Structures are given as structure tokens and as C-alpha cells.
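With the hints as extra help, turn the sequences into a complete structure.
Chain by chain, the residues:
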Amino acid sequence: MFDAAAFVKEAVEEIKEKVKGKAIIAVSGGVDSSVAAKIGSMALGKNLVAVYVDTGLMRKGESEFVRNLYEKMDLKFVPVDAKEEFLAALKGVSDPEEKRKIIGEKFIRIFERVAKEEEAEYLIQGTIAPDWIESGGGLRDTIKSHHNVGGLPEEMHLKIVEPLRNLYKDEVRQVARYLGLEVAERQPFPGPGLAVRIIGEIDEKKIEVVREACAIVEEEIEKAWKDGIIEKPWQYFAVLLPVRSVGVRGDVRAYGYTIAIRSVDSIDAMTASYSKLPHELLERMATRITNEIKEVNRVVYDISNKPPATIEWE
Amino acid sequence: MKVYVIDNGGQWTHREWRVLRYIGADAEIVANTTPIEELSDADALVLSGGAPRVGLQDKLGKCDEYLKYMDVPILGICAGHQFMARFFGGEAAPAKVPEYGKVEIEVVEEDVLFRGLPRKMIVWESHNDEVTRLPSNFILLASSPNCKVQAMRHESRPLFGLQFHPEVEHTQYGKEIFQNFLEEAKK
Numbered sequence: 001m002f003d004a005a006a007f008v009k010e011a012v013e014e015i016k017e018k019v020k021g022k023a024i025i026a027v028s029g030g031v032d033s034s035v036a037a038k039i040g041s042m043a044l045g046k047n048l049v050a051v052y053v054d055t056g057l058m059r060k061g062e063s064e065f066v067r068n069l070y071e072k073m074d075l076k077f078v079p080v081d082a083k084e085e086f087l088a089a090l091k092g093v094s095d096p097e098e099k100r101k102i103i104g105e106k107f108i109r110i111f112e113r114v115a116k117e118e119e120a121e122y123l124i125q126g127t128i129a130p131d132w133i134e135s136g137g138g139l140r141d142t143i144k145s146h147h148n149v150g151g152l153p154e155e156m157h158l159k160i161v162e163p164l165r166n167l168y169k170d171e172v173r174q175v176a177r178y179l180g181l182e183v184a185e186r187q188p189f190p191g192p193g194l195a196v197r198i199i200g201e202i203d204e205k206k207i208e209v210v211r212e213a214c215a216i217v218e219e220e221i222e223k224a225w226k227d228g229i230i231e232k233p234w235q236y237f238a239v240l241l242p243v244r245s246v247g248v249r250g251d252v253r254a255y256g257y258t259i260a261i262r263s264v265d266s267i268d269a270m271t272a273s274y275s276k277l278p279h280e281l282l283e284r285m286a287t288r289i290t291n292e293i294k295e296v297n298r299v300v301y302d303i304s305n306k307p308p309a310t311i312e313w314e
Numbered sequence: 315m316k317v318y319v320i321d322n323g324g325q326w327t328h329r330e331w332r333v334l335r336y337i338g339a340d341a342e343i344v345a346n347t348t349p350i351e352e353l354s355d356a357d358a359l360v361l362s363g364g365a366p367r368v369g370l371q372d373k374l375g376k377c378d379e380y381l382k383y384m385d386v387p388i389l390g391i392c393a394g395h396q397f398m399a400r401f402f403g404g405e406a407a408p409a410k411v412p413e414y415g416k417v418e419i420e421v422v423e424e425d426v427l428f429r430g431l432p433r434k435m436i437v438w439e440s441h442n443d444e445v446t447r448l449p450s451n452f453i454l455l456a457s458s459p460n461c462k463v464q465a466m467r468h469e470s471r472p473l474f475g476l477q478f479h480p481e482v483e484h485t486q487y488g489k490e491i492f493q494n495f496l497e498e499a500k501k
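Chains W and V supply the protein sequences, listed in that same order. Residue numbers for the first sequence follow this note's numbering, so the first one is 1 and each next one is one higher. Residue numbers for the second sequence follow this note's numbering, so the first one is 315 and each next one is one higher.
Derived from the structure by calculation, the hints contain no laboratory data. The structure presented is a predicted model; accordingly, all values stated were derived computationally and were not measured. It is possible that some hints are incorrect.
[As the list claims (entries may be wrong)] Distance ranges between label pairs, derived from CB positions:
1) W/Arg177 <-> V/Lys410: 14 to 24 Å
2) V/Lys382 <-> W/Ala6: 36 to 46 Å
3) W/Lys83 <-> V/Glu351: 51 to 61 Å
4) V/Gly338 <-> W/Phe65: 32 to 42 Å
5) V/Arg429 <-> W/Phe65: 42 to 52 Å
6) V/Glu351 <-> W/Glu64: 53 to 63 Å
7) W/Lys83 <-> V/Arg429: 53 to 63 Å
8) V/Asp355 <-> W/Glu219: 47 to 57 Å
[As the list claims (entries may be wrong)] Dumping the calculated SDA-like pairs for lysine to any residue here, alpha-carbon to alpha-carbon at most 25 Å:
9) W/Lys18 <-> W/Glu117
10) V/Lys434 <-> W/Asp265
11) V/Lys489 <-> W/Ala4
12) W/Lys9 <-> V/Lys410
13) V/Lys501 <-> V/Val421
14) V/Lys410 <-> V/Thr446
15) V/Lys416 <-> V/Asp443
16) W/Lys276 <-> V/Lys501
Ideal Cβ placement from N, Cα and C applies to all residues, glycine included.
Here it is, written out as C-alpha cells:
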């Protein structure tokens, strides 16, 4: 079985051995990058620069959460506000693979910029096994370009170190618990953020809609979990569909967007089954979403497993 | 025990490596073009799955050489299973009803792989192609409603094929199937 203590020891040694001088690490507030950063800080201390890019595609309250988390670690924390840069780059783009590539490229350029300022030559990444497996390369078909692997531009000027590359999520969580990190039980959040939870072209209005919808889904599901009504699903969120349909609100015709709720059970994201949530819970989420977000008048629940569907829609 | 996972490009190759490692094998993923001499310390091989149609080609890296010249137990999964069937004179083709996700199989012959397991079990699938005719020197071990050859073995050599994926968490007795396979390799 997996031994978290032994893993941490080896990973710290590996980073000490490979990294000469300073390294930067991309952090998101997710469990993977938090574990990689913690291990990196154990190896490098203040020679590790943790860069958090606020893409404007983050969950509600995420930036504050991340700041709190990293201020507790022995490293240098550098937040970058890149909201406008990302929005501009994604304008007019609706193809999911193109979105992921653009976001991956932007991320790397920003890290390169910070690395140059900090005179770091290394980039530590929290890439885990499913990321590089699904990104294809060689014999493998590309299912999705994960922003920290497949979206990587060819001419990288940074040397990459990926201490978690052979781990699966449940193993990373074991390491997080071992290290006493509060993010251990957090659900996964895709690198490209809310951009892949809006089908088609994104804009500020749609980001706001899907961010609110995701917050409602998270709140309600986490409440039901804490109340002992359900087991904690692996991942749960909302997707904004470009489909509009007719509704009626207070005797007035409405023509609004559709939100799909997705909630799945898995141990490693390689396979997943849709969560058999109680109807009362689904109804409560649907009611809140359609009442609190005026652009949405219809909510559907996604009952596909992986395979054939993937967890996220794009 | 040294087990090489021959990578035919499947999405779950890495899972095979992980399950093997968890049940105590010294597992290693290698390219399917690895020369046979470099596998001389193998106690068993797993031929992974791969993209659509790769199991229907006449060449799948050096899988043909492994099947021909190596006498250790070999487990073919998905595309690896289809290639094994074709190599021994059976047929594989695009499935009339491809299966993805949850499927129930029924064990016809317990043999080695299903030893001590229930006759019916939930497995997870992800295939576009399937074995349409069993090689004459192979025995059928399990079927599903839409795919007859879910599991097979050679009548005398320790060669096994599975259409479903024992390596993924959602398959009910996946770990036990791998354990049974490794028992064979201990002989």
C-alpha cells in the first residue's frame, strides 16, 4: 500500500537534488498544487516562489482562500491579477481544446515573467497521473489537454519538476492529510477554471452566472454531506449550457439559459459514476439556481458515467 | 515478482501499473516496442488497451513476439485481448454494440482468473472493437449480453484475455482478478 511518509521524504530529496537555486510553483488552492508547494517549501524554503494567477475564472471566494493558505507556508507568495489578460485572450473562442490551449499558454507566459523577475530557472508543478495520461502524446489519444501538460508551449524556458506525477488523487489526499493541509478533502477544480464550465464562448456575464451556480451546488451538497444525508461526492459543480428555453416567471414569459448540475463519485477520476443524489436535494438546488440567478430558468441533472462521458463537460 | 505492463497507449495503462504495485508486484510500464531481451527478468506481462482499431492491426508494437517467444503468463486487456485473439487465429472487428461504462458479465468458466469470485459481477468497459470469433485453441471464460468474448484463455499456455477493464476502481473484483493472475505467475 501507499506510504505517505516515505513518499514525502523521497519527494523532498528529489527536489533538493534537481533544483539549483530558485524555483517557482504555480498554485491554485487545489489539493495537488498545495501538496506540491508544501513539499517544495520543505525542500527549498524561501527559494520557492508560489505564484497564484487570478484568471478571473476562479470559484467564488477562491483568491482569499488561497492567500490565507499560502501565508501559512514557508515560501514566497506572489499573487498575480491577470483577469483582463485572460478575458481578452479568450474573446471569440468557443472550441474547448482551443480554450484549454490558450489558457495553458497564458499561464506559462505569466510564470515565465515572474520566474525571470525572481531569477528562478525551475518550475515545480502539481501534475498528477491522470493529467498526463489524458493529455495523450505518443500512442495515447488526446481526450483533453490538461493545462499544465498538454497546454504547455513547446519552447518552455523553465525546467520542469513534477514531484506528484506518479500519484493519483486519493494518494495525494493521503499525503495532504499526512502534511496536515486543510485542503486535503477539497474537491478537484479544473486548471482552466470556469472557462470549461461555460459551453461555447465566454464573457463576464456568463462567468458570473456559472460562478453563482457552482457556489449554490457546492453549498447545498456540502450541507447535505455535513448533515449526513449523502456521502461526499468526488466532484460537484454547475455547467452553463448555451441552450435557451422558454419559462414563465410571475406571469411573464421568460427566455433563459440552462444550467446542468454534475455530481460524480470516483476515487481517482479515471472512471466515475454519477451521484445518486436524493430528489429533494436536486430540487432544492434547482429552485435556488432559478430563483437566485435571473438569467437561468431551467436546470437539468447529468446522469452520464465516465466512460463514455468525462467529468467536466469540456 | 517482476511484471511488465506493455503500453499500447490505453487511457488506463497507468492504473494497471498501480493495481499491480498495490498487490505487491514490482510493476513497470514499458513501450510496446521494447526488445524482448530487455524483458528477460519478467515473471508476467500485461498487454494494455489502446485507441480504437489498434487491436485489429497485424502489428501492435512487438506484442506478437512476446506472445510467440515468451513463456510467462500474459494478460491481454481490451486491445491487448483483441490482438491476442487475432494472433492465435481468432477474429476481432468493430463491435455491433460498443460498451462504455457499467456492464454485468457472467462467468462461464471460473478457471484461474475468476477463482473464488461470484458468477455474476459488475465490470467497466470502454471498447469500440471486440473479439468476434474465439481462436480454436482458446476457452471462453465470461460473456456479457452485448459481447460474447469478455474473457478467454489459451487451452494449455497461461495466456489470458479480458475485454473489460479489471484495473479501474469501478470494476467489482478487479484486484482479485489481478491477484489470481499473479498466482499463476508464481507457479
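Comparing the hints with the structure gives:
{"no.": "1", "hint": "W/Arg177 <-> V/Lys410: 14 to 24 Å", "result": "violated, 47 Å"}
{"no.": "2", "hint": "V/Lys382 <-> W/Ala6: 36 to 46 Å", "result": "holds, 40 Å"}
{"no.": "3", "hint": "W/Lys83 <-> V/Glu351: 51 to 61 Å", "result": "holds, 56 Å"}
{"no.": "4", "hint": "V/Gly338 <-> W/Phe65: 32 to 42 Å", "result": "holds, 40 Å"}
{"no.": "5", "hint": "V/Arg429 <-> W/Phe65: 42 to 52 Å", "result": "holds, 50 Å"}
{"no.": "6", "hint": "V/Glu351 <-> W/Glu64: 53 to 63 Å", "result": "holds, 58 Å"}
{"no.": "7", "hint": "W/Lys83 <-> V/Arg429: 53 to 63 Å", "result": "holds, 59 Å"}
{"no.": "8", "hint": "V/Asp355 <-> W/Glu219: 47 to 57 Å", "result": "holds, 54 Å"}
{"no.": "9", "hint": "W/Lys18 <-> W/Glu117", "result": "holds, 21 Å"}
{"no.": "10", "hint": "V/Lys434 <-> W/Asp265", "result": "holds, 23 Å"}
{"no.": "11", "hint": "V/Lys489 <-> W/Ala4", "result": "holds, 21 Å"}
{"no.": "12", "hint": "W/Lys9 <-> V/Lys410", "result": "violated, 51 Å"}
{"no.": "13", "hint": "V/Lys501 <-> V/Val421", "result": "holds, 24 Å"}
{"no.": "14", "hint": "V/Lys410 <-> V/Thr446", "result": "holds, 10 Å"}
{"no.": "15", "hint": "V/Lys416 <-> V/Asp443", "result": "holds, 17 Å"}
{"no.": "16", "hint": "W/Lys276 <-> V/Lys501", "result": "violated, 44 Å"}
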